[in-house]
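Undergrad: Residue-level listing of the chains:
Number of protein chains: 2
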Amino acid sequence: MPDAMTGPAALAPRLRAVCGADGVVTDPARRRTYESDGITYHSAVPGIVVLPETTGQVAAVVRLCAEHGVPFVPRGSGTGLSGGALPRPDGVLVVTSRMRRVIEVDIPNERAVVQPGVFNLDVTRAAAPHGYHYAPDPSSRQVCSVGGNIAENSGGAHCLKYGFTVNHVTGLEIVTPRGDVVRLGGKAPDAPGYDLIGVFVGSEGTLGIATEITVRLTRAPQRTSTLLAAFPTMDAGGRAVSAIIAAGVLPAAVEMMDALAVEAAEAAVRCGYPEGAGAVLIVELDGAAEDVAAQFEAVTALCRAAGAFAVRAADDPAERARIWKGRRSAFAAVGRISPAYIVQDGVVPRTALGGVLARISELSARSGIRVANVFHAGDGNLHPLVLFDDAEPGAAERAAEVSGAILDLCVEHGGSITGEHGVGVDKACHMPRMFSDDDLATMDLFRRAFDPDGIANPEKVLPTPRLCGERPGVVRGEHPLVASGQAELF
Amino acid sequence: MPDAMTGPAALAPRLRAVCGADGVVTDPARRRTYESDGITYHSAVPGIVVLPETTGQVAAVVRLCAEHGVPFVPRGSGTGLSGGALPRPDGVLVVTSRMRRVIEVDIPNERAVVQPGVFNLDVTRAAAPHGYHYAPDPSSRQVCSVGGNIAENSGGAHCLKYGFTVNHVTGLEIVTPRGDVVRLGGKAPDAPGYDLIGVFVGSEGTLGIATEITVRLTRAPQRTSTLLAAFPTMDAGGRAVSAIIAAGVLPAAVEMMDALAVEAAEAAVRCGYPEGAGAVLIVELDGAAEDVAAQFEAVTALCRAAGAFAVRAADDPAERARIWKGRRSAFAAVGRISPAYIVQDGVVPRTALGGVLARISELSARSGIRVANVFHAGDGNLHPLVLFDDAEPGAAERAAEVSGAILDLCVEHGGSITGEHGVGVDKACHMPRMFSDDDLATMDLFRRAFDPDGIANPEKVLPTPRLCGERPGVVRGEHPLVASGQAELF
Numbered sequence: 011m012p013d014a015m016t017g018p019a020a021l022a023p024r025l026r027a028v029c030g031a032d033g034v035v036t037d038p039a040r041r042r043t044y045e046s047d048g049i050t051y052h053s054a055v056p057g058i059v060v061l062p063e064t065t066g067q068v069a070a071v072v073r074l075c076a077e078h079g080v081p082f083v084p085r086g087s088g089t090g091l092s093g094g095a096l097p098r099p100d101g102v103l104v105v106t107s108r109m110r111r112v113i114e115v116d117i118p119n120e121r122a123v124v125q126p127g128v129f130n131l132d133v134t135r136a137a138a139p140h141g142y143h144y145a146p147d148p149s150s151r152q153v154c155s156v157g158g159n160i161a162e163n164s165g166g167a168h169c170l171k172y173g174f175t176v177n178h179v180t181g182l183e184i185v186t187p188r189g190d191v192v193r194l195g196g197k198a199p200d201a202p203g204y205d206l207i208g209v210f211v212g213s214e215g216t217l218g219i220a221t222e223i224t225v226r227l228t229r230a231p232q233r234t235s236t237l238l239a240a241f242p243t244m245d246a247g248g249r250a251v252s253a254i255i256a257a258g259v260l261p262a263a264v265e266m267m268d269a270l271a272v273e274a275a276e277a278a279v280r281c282g283y284p285e286g287a288g289a290v291l292i293v294e295l296d297g298a299a300e301d302v303a304a305q306f307e308a309v310t311a312l313c314r315a316a317g318a319f320a321v322r323a324a325d326d327p328a329e330r331a332r333i334w335k336g337r338r339s340a341f342a343a344v345g346r347i348s349p350a351y352i353v354q355d356g357v358v359p360r361t362a363l364g365g366v367l368a369r370i371s372e373l374s375a376r377s378g379i380r381v382a383n384v385f386h387a388g389d390g391n392l393h394p395l396v397l398f399d400d401a402e403p404g405a406a407e408r409a410a411e412v413s414g415a416i417l418d419l420c421v422e423h424g425g426s427i428t429g430e431h432g433v434g435v436d437k438a439c440h441m442p443r444m445f446s447d448d449d450l451a452t453m454d455l456f457r458r459a460f461d462p463d464g465i466a467n468p469e470k471v472l473p474t475p476r477l478c479g480e481r482p483g484v485v486r487g488e489h490p491l492v493a494s495g496q497a498e499l500f
Numbered sequence: 011m012p013d014a015m016t017g018p019a020a021l022a023p024r025l026r027a028v029c030g031a032d033g034v035v036t037d038p039a040r041r042r043t044y045e046s047d048g049i050t051y052h053s054a055v056p057g058i059v060v061l062p063e064t065t066g067q068v069a070a071v072v073r074l075c076a077e078h079g080v081p082f083v084p085r086g087s088g089t090g091l092s093g094g095a096l097p098r099p100d101g102v103l104v105v106t107s108r109m110r111r112v113i114e115v116d117i118p119n120e121r122a123v124v125q126p127g128v129f130n131l132d133v134t135r136a137a138a139p140h141g142y143h144y145a146p147d148p149s150s151r152q153v154c155s156v157g158g159n160i161a162e163n164s165g166g167a168h169c170l171k172y173g174f175t176v177n178h179v180t181g182l183e184i185v186t187p188r189g190d191v192v193r194l195g196g197k198a199p200d201a202p203g204y205d206l207i208g209v210f211v212g213s214e215g216t217l218g219i220a221t222e223i224t225v226r227l228t229r230a231p232q233r234t235s236t237l238l239a240a241f242p243t244m245d246a247g248g249r250a251v252s253a254i255i256a257a258g259v260l261p262a263a264v265e266m267m268d269a270l271a272v273e274a275a276e277a278a279v280r281c282g283y284p285e286g287a288g289a290v291l292i293v294e295l296d297g298a299a300e301d302v303a304a305q306f307e308a309v310t311a312l313c314r315a316a317g318a319f320a321v322r323a324a325d326d327p328a329e330r331a332r333i334w335k336g337r338r339s340a341f342a343a344v345g346r347i348s349p350a351y352i353v354q355d356g357v358v359p360r361t362a363l364g365g366v367l368a369r370i371s372e373l374s375a376r377s378g379i380r381v382a383n384v385f386h387a388g389d390g391n392l393h394p395l396v397l398f399d400d401a402e403p404g405a406a407e408r409a410a411e412v413s414g415a416i417l418d419l420c421v422e423h424g425g426s427i428t429g430e431h432g433v434g435v436d437k438a439c440h441m442p443r444m445f446s447d448d449d450l451a452t453m454d455l456f457r458r459a460f461d462p463d464g465i466a467n468p469e470k471v472l473p474t475p476r477l478c479g480e481r482p483g484v485v486r487g488e489h490p491l492v493a494s495g496q497a498e499l500f
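Taken in sequence, the protein lines are chains A and B.
Following this note's numbering, the numbering of the first sequence begins with 11 at its first residue and continues without gaps.
Following this note's numbering, the numbering of the second sequence begins with 11 at its first residue and continues without gaps.
Only chain A is shown next, with the shape it has when bound in the complex:
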């Protein structure tokens, strides 16, 4: 542990020499604004904050950290949901919010080159005039950064068809935890040597900082249709999902919400979903116009056959946006119907979805803890929201138990402890539920190859004794971003 002489505050003059006076934050009140990310249970005030603007500045900051044994934590927009950007009082927080330049849009090669602080949706905005978009679309895409997406290997509703972030990154410039600037890949599809892009994407800031990112652009589909189907029960909705996949349709997205999630979304954004639904299914189809039309008919018929009592179609952007608004707002909106809740994230093979949802219902009934389900049904990626009242003695503990038990269910059913939100500090202690000692030791060896001194986002991802026993992330009350109009945060 660095002392005051070598700790982050002592580095301030040298950091100012690198990033300029306005690129270094030492004021306690300003530092406090970085104390947590998308979940507010974890918080810590960073020892010092730097706002570099160039790769050279990032490398110089990291080299200073390495030289003095000071840990650093990278941070994009701070919308993460597993505490991956949780600062350290003894460390430097490296914030990429001044690195927001779209460097190049190369349409003939279908690539964009961006700085890490660029907002996800801004890549699509830059490509849209050319008929392209950037496919990975986490619900927070208006404000989350591409660098953060790299760290978490972010998904989104459309990764069923288009894949995760890792499938869309072809080149990276990174600053390693020793301060070296290294290039991985480029614009061409497959680079020789180790595909370190694959492992850097999703490494949650523990292998360094991406300073320039080359992503694949995807041609905007000729037509996109969105279908909203209401079912009496989750079971009926699940049958529809299975029937759609079995019929060989590959929708761009298949999202499901249960009654409680629908109730929350209605309360927050009045999305106008059919009343009395036990489950709402959103199916998005995209591609060539006639193809989409044919699939749309097929999906409608399959939903009806599975018991849908209402099916609504949307082809125009405004109506589609209205359908999506409910879904994208659901997480944050749950604060309207519960004083506090845990945002859980797990994944199971799609065929296990029905079984796992039934077990979650049982867990909920037995514990008296309500669970709202919002999920990427096509991927088997569950997002249970575990609701409780933290004024009620013992409720938080029971909620944490239910939340943990859901992860056990996922692992039991051949799935994993996180679908797309990452491990961060939140799930580091759950890693041994999935991985053997050999598995974890291999990961640690790999980490140490990049970061021999353990200064890059330490105590995230891999379990350390200090962390285990902490509770998962809890949101209390309505999320502040719902009120401010940024409801589609998660």
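Don't read these hints as lab results, they were simulated from the structure.
Wrong hints could be hidden among the right ones.
[Unchecked claim] Incomplete in silico selection of chain A near chain B, CB under 10 Å:
| # | residue |
| --- | --- |
| 1 | Pro139 |
| 2 | Gly141 |
| 3 | Thr186 |
| 4 | Arg193 |
| 5 | Leu194 |
| 6 | Gly196 |
| 7 | Val211 |
| 8 | Glu300 |
| 9 | Val357 |
| 10 | Gly425 |
| 11 | Ile427 |
| 12 | Asp454 |
| 13 | Pro462 |
[To be verified] Pairwise CB distance ranges (calculated):
| # | chain 1 | residue 1 | chain 2 | residue 2 | range |
| --- | --- | --- | --- | --- | --- |
| 14 | B | Ala39 | A | Arg73 | 53 to 63 Å |
| 15 | A | Gly282 | B | Glu307 | 39 to 49 Å |
| 16 | B | Ala308 | A | Arg26 | 52 to 62 Å |
| 17 | A | Asp463 | B | Thr474 | 22 to 32 Å |
Ideal Cβ positions, reconstructed from N, Cα and C, are used throughout, including at glycine.
With chain A held as given, fit chain B onto it using these hints.
TA: Frame of chain A; chain B shown alone:
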């Protein structure tokens, strides 16, 4: 370097205790059958060969190697094209040919689980009755192993639309170079922790041996149409490719061959391509029937507009197979028109294709060395075949120079030194053309995290002084597999 007492031969009794008497090959004549892979320039007789049948046996073999400091080289079917499976006289060759079990075909989850020795095409054969296939399709798919595909991150004609091997692997059981059995991923789409699958795939045997592989199965398209278009010049063919991509069509494959490659293919397999073509383009379209029909019309019109003088369509499997036979046979068939040739493999951003091909023509004209071009045009993945007569003094050297200059062209144009054949021993010394010292040092750190003693396929992939200066792989005369009916090897 191990001496006779601790070298591979001394391990024979202990290896027999692990793999059984018939699982260990010490006889020099039998060992010699493993001396090279798909290119015959490099050869070395392995110190000893083992043929394990289970994960436990592979782990026990590797632990013995680790204990005694003996290097090991993994080998699948030996169809590689960069000398990645080149044995070592001082090492153990671990051959997976007895690990050919398809463990599970899980249609509801769209996955297959296979042992590493399973032939690529046998995954598709196992899935076909259910309407599925395994998408990555190197030309050698009848005989190459899935384990070898993992090692090389193999592509194939259809990776334009479907991606490389890495996009189709969701789970791996590996034996690390220290003999630990480690699981990466599974059937679910995204696992927490480091995505070591991404980096293991394409690591060319330097990080251990995959012993169980979980792959994604892809639904067979409703319809597949193949179009063969003949152009007067390569330029005209290239214009057609650009027009197709710019029109927003995403074909399953876009392959191009020049006049010399067509001549060789005709001589070998009489594929009946139109006479007098300066370039032949093969475009495969797949998807929903009406979609394919519409795209087919569009592609035909674009080819005609770019100057195609003949366009031939094939919908039925027999006619499609005939079109593909010429393409898939082209590499091996070049032996019919040249006593010797170098198989080169490079990649450039698609937009640079025209410029690079023109420069290759200039190189060829200036040096008097003929170059036949066969390539995945949609991906920008070139496979120039550099022809020469090794009876002619100095020809081999000039061919090697041309071949090396082609790689320089690829790097200059923002591409890379290998598209899909890997680095192996063949291109290890070219790595510094693409990567800085920091880049290579980072790769080496990563390698050593898995393999601290440097026993896993040493001297492959990363440059070592001993290797540099060697010539690229050369094939002399007609490849033996053309004569034996396995012409579609590469």
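Undergrad: Decide, hint by hint, whether the structure agrees.
TA: A quick look at each hint next to the structure:
1. The restraint placing A/Pro139 at the interface with chain B is violated, with a minimum CB-CB distance near 15 Å, outside the 10 Å limit.
2. At its closest, the beta carbon of A/Gly141 sits 7 Å from a beta carbon of chain B; the interface hint therefore holds under the 10 Å criterion.
3. Given hint, A/Thr186 at the interface with chain B, holds; its Cβ is 6 Å from that chain's nearest Cβ, closer than 10 Å.
4. Taken as an interface hint, A/Arg193 checks out: its beta carbon lies about 6 Å from the nearest beta carbon of chain B, inside 10 Å.
5. Interface hint status for A/Leu194: upheld, as the beta-carbon distance to the closest one in chain B is roughly 8 Å, under 10 Å.
6. Against a cut-off of 10 Å between C-beta atoms, the interface hint on A/Gly196 holds, since the closest Cβ of chain B lies about 6 Å away.
7. Proximity of A/Val211 to chain B holds as hinted, the smallest CB-CB distance being about 7 Å (cut-off 10 Å).
8. At about 5 Å, the closest approach between the beta carbon of A/Glu300 and any beta carbon in chain B falls short of 10 Å, and the interface hint on this residue holds.
9. Interface restraint check: A/Val357 against chain B, minimum CB-CB distance 5 Å, threshold 10 Å, status holds.
10. At a threshold of 10 Å, the smallest CB-CB gap from A/Gly425 to chain B is about 5 Å, leaving the interface hint in force.
11. A least Cβ separation of about 6 Å between A/Ile427 and chain B falls short of the 10 Å threshold, and the interface hint therefore holds.
12. The interface hint given for A/Asp454 is met, as the beta carbon of that residue sits about 9 Å from the closest beta carbon of chain B, less than 10 Å.
13. Nearest Cβ of chain B to the Cβ of A/Pro462: about 8 Å, under the 10 Å cut. The hint holds.
14. Range check, B/Ala39 to A/Arg73: about 57 Å between beta-carbon atoms, so the 53 to 63 Å window is met.
15. At roughly 41 Å, the beta carbons of A/Gly282 and B/Glu307 sit within the given window of 39 to 49 Å.
16. Range check, B/Ala308 to A/Arg26: about 59 Å between beta-carbon atoms, so the 52 to 62 Å window is met.
17. At about 28 Å, the beta-carbon gap between A/Asp463 and B/Thr474 stays in the expected band of 22 to 32 Å.
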